[in-house]
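K.L.:
Below, each chain spelled out in residue letters.
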Amino acid sequence: MSFAVQALTRSLNVFHLAGSACNNCDIEILDALTPRYDLERFGIVLVGSIRHADVLLLSGVFNKKSAIRLQHLYEQAPKPVVVVAIGACACAGCMFRESYNWYGKISDYIPIDAYVPGCPPKPEAMIAAVAKLIAKLRGS
Amino acid sequence: MGKRTIIPIGPYHALQEEPEFFKLYVEGETVVGLDIELGYNHRGIEKLSESKTYEQTVFLVERICGICSTSHPIACVQAVEDAGGVEVPERALYIRSLIGELERVHSHMLWLGLAGHFLGFNTVWMWVWRYREELLNIMELVTGNRNHYAMMKPGGVRRDIKDEDIPTIRKTLDGLHGPLELFRDAVSDDPIIHARLKGVGVLTPEQIVDYGALGPTARASGVDIDVRRDHPHAAYGLVDWNVVTATHGDVFDKAVVRIGEMFESMKIIEQCLAKLKSSPGPVDSNPKEIPPGEGIGHYEAPRGEVFHYIRSDGSNRPARHKVRAPSFMNVLTDREAVLGATVADATIILAAVDPCYCCTERMAARDVATGERVLTSRELIRLSQAKTEQLKKELGAEGPRLNLEAM
Ligand code: SF4
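Top line first, the protein sequences correspond to chains A and B. My numbering puts the first sequence at residues 1 to 140. My numbering puts the second sequence at residues 1001 to 1407.
You may find that some hints are simply not true.
As a list, the in silico DSS-like pairs of lysine-lysine whose alpha-carbon atoms are at most 25 Å apart [said to hold, decoys possible]:
| # | chain 1 | residue 1 | chain 2 | residue 2 |
| --- | --- | --- | --- | --- |
| 1 | A | 65 | B | 1322 |
| 2 | A | 64 | B | 1052 |
| 3 | A | 65 | B | 1047 |
| 4 | B | 1047 | A | 64 |
| 5 | A | 65 | B | 1023 |
| 6 | B | 1047 | A | 105 |
| 7 | A | 64 | B | 1322 |
| 8 | B | 1387 | A | 64 |
| 9 | B | 1162 | A | 122 |
Note that these hints are calculated values from the structure, not bench results. What you are looking at is a predicted structure, and each value in this text was computed from that prediction instead of being measured.
Construct the entire structure; sequences and hints are all you get.
P.N.:
And the structure:
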């Protein structure tokens, strides 16, 4: 296991980026941090700046305005960074894929490492995704 | 006059979950101006709605906003029912109000928690959200999902509330009274909360009226409006409850109003649960056709009145669907509330109206140089025709052409 991967998977600093989400995925992400699910006990914290991020959580569809910002932010993230698409919107566009303002599949412009489907996915699903990701990164 | 500095907040920042861009103009510590830039969240819901059937539209408007994900559907189905003259069974009305009020409690708790978070009072956030989970449990029990309940449909509700679930709901709600009282006392007793919130972000009744602000934002300034009482819908005319108002218009009073409303909501929920026993029957009148016509629907969402307009041309989809969400009006009051405040207070003031940008995003294209609207509805039709023409050419298809001049 390389040093970078080891450092990355110890205590995940998460940056959460809502595209044109309906807010629900975002609230469920915050929910995962509050006492019932309490992700913070695993050292997972939300950070305020992309420059501190190990994990980039995307929620919502990205429209023509926000998709450009997403690409900028992705470029600014320290690599390696793990990108997780949360919710049907980020995975596939949900009901908004026929909209005139849909920019297209996210994976067409930035690489995505994990998909968590659901509208919104339950916090349990997000926790499962994180656990699987860590296991995969560590190669176990 | 001191030196003017701009503090950019956003569009992706730790303050609020949704993307929006604030430009705070400050002189020293004092905020002297505010610019809000939106547009990161526009998904074209009104246009999408025209391609969905009436039943599907409800699922679409539910996804306008995840927090008031039952307010938009209620307003939308009421607009459809108004257009089609559809009767709704009484039991369905009670279920609508019940779900709506459960949502209000969870939304206000969510705000209270986030307000604590913005004040740097994370204990409040964690505690309140812990109890909010109990409400989500009820939602999961009744509707099958923690959020996005998919309960509304034109003509009634999609699922009944089973008699055997009612004791569990009652028990959970009874357990919530204690925590709600705790939060009420915590807010009214804590000297730090008083110091941080009293006299901060004041909106006068005149400003509320000028900006057309709605919901708890208006009620905290003493403007007594609430569509649940003023234009009774669902079961609000059939149960006993009060509109909560306050007088100072500061952030503290906004918290007081929201907490007061939670207690009123609990009262409504109790009564609806009791009435469910005494009004058995169908929960859906299954309308088959919506004749040509227009309809409006409103609902008092946790943030204020949401308004839906539907025009039917007799087909199974809306010919026009217009949505107005309360945050659209409320967010603009930020400018009045934040002027003269300190930077440290700006975060809570900007959050005090409980802004919801996913509801708010509208589109109008303007020429930057002249400020004129460049894309009127006619031009949009023309653009879409041009695109259709181009597609037709590419696909080699032929078809009738709409005559725009005749419209
Ligand atoms: S996936 Fe569903 S819950 Fe999540 S942002 Fe999209 S519409 Fe909202």
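K.L.:
Evaluate each hint against the coordinates.
P.N.:
Right, here's what the structure says about each hint:
For a cut-off of 25 Å, the pair hint linking residue 65 of chain A to residue 1322 of chain B stands: about 23 Å separates their Cα positions. As the CA atoms of residue 64 of chain A and residue 1052 of chain B are separated by approximately 23 Å, the hinted pair is consistent with the 25 Å bound. Of the pairs offered as hints, the one joining residue 65 of chain A and residue 1047 of chain B holds, with about 18 Å between alpha carbons and a cut-off of 25 Å not exceeded. Only pairs whose Cα atoms come within 25 Å are accepted, and residue 1047 of chain B paired with residue 64 of chain A is accepted, the gap being roughly 16 Å.
Between residue 65 of chain A and residue 1023 of chain B, the direct Cα distance comes to roughly 18 Å. Compliance with the 25 Å bound is thereby established for this hinted pair. Restraint check for residue 1047 of chain B and residue 105 of chain A: the C-alpha separation of about 20 Å stays at or below 25 Å, so the hint holds. Of the supplied pair hints, the one linking residue 64 of chain A and residue 1322 of chain B holds, its CA atoms being roughly 22 Å apart against a limit of 25 Å. Straight-line distance between C-alpha atoms of residue 1387 of chain B and residue 64 of chain A comes to about 18 Å, which keeps the hinted pair within the 25 Å bound.
Between residue 1162 of chain B and residue 122 of chain A the alpha-carbon distance is near 24 Å, which keeps this suggested pair within the 25 Å criterion.
The structure agrees with every numbered hint stated previously.
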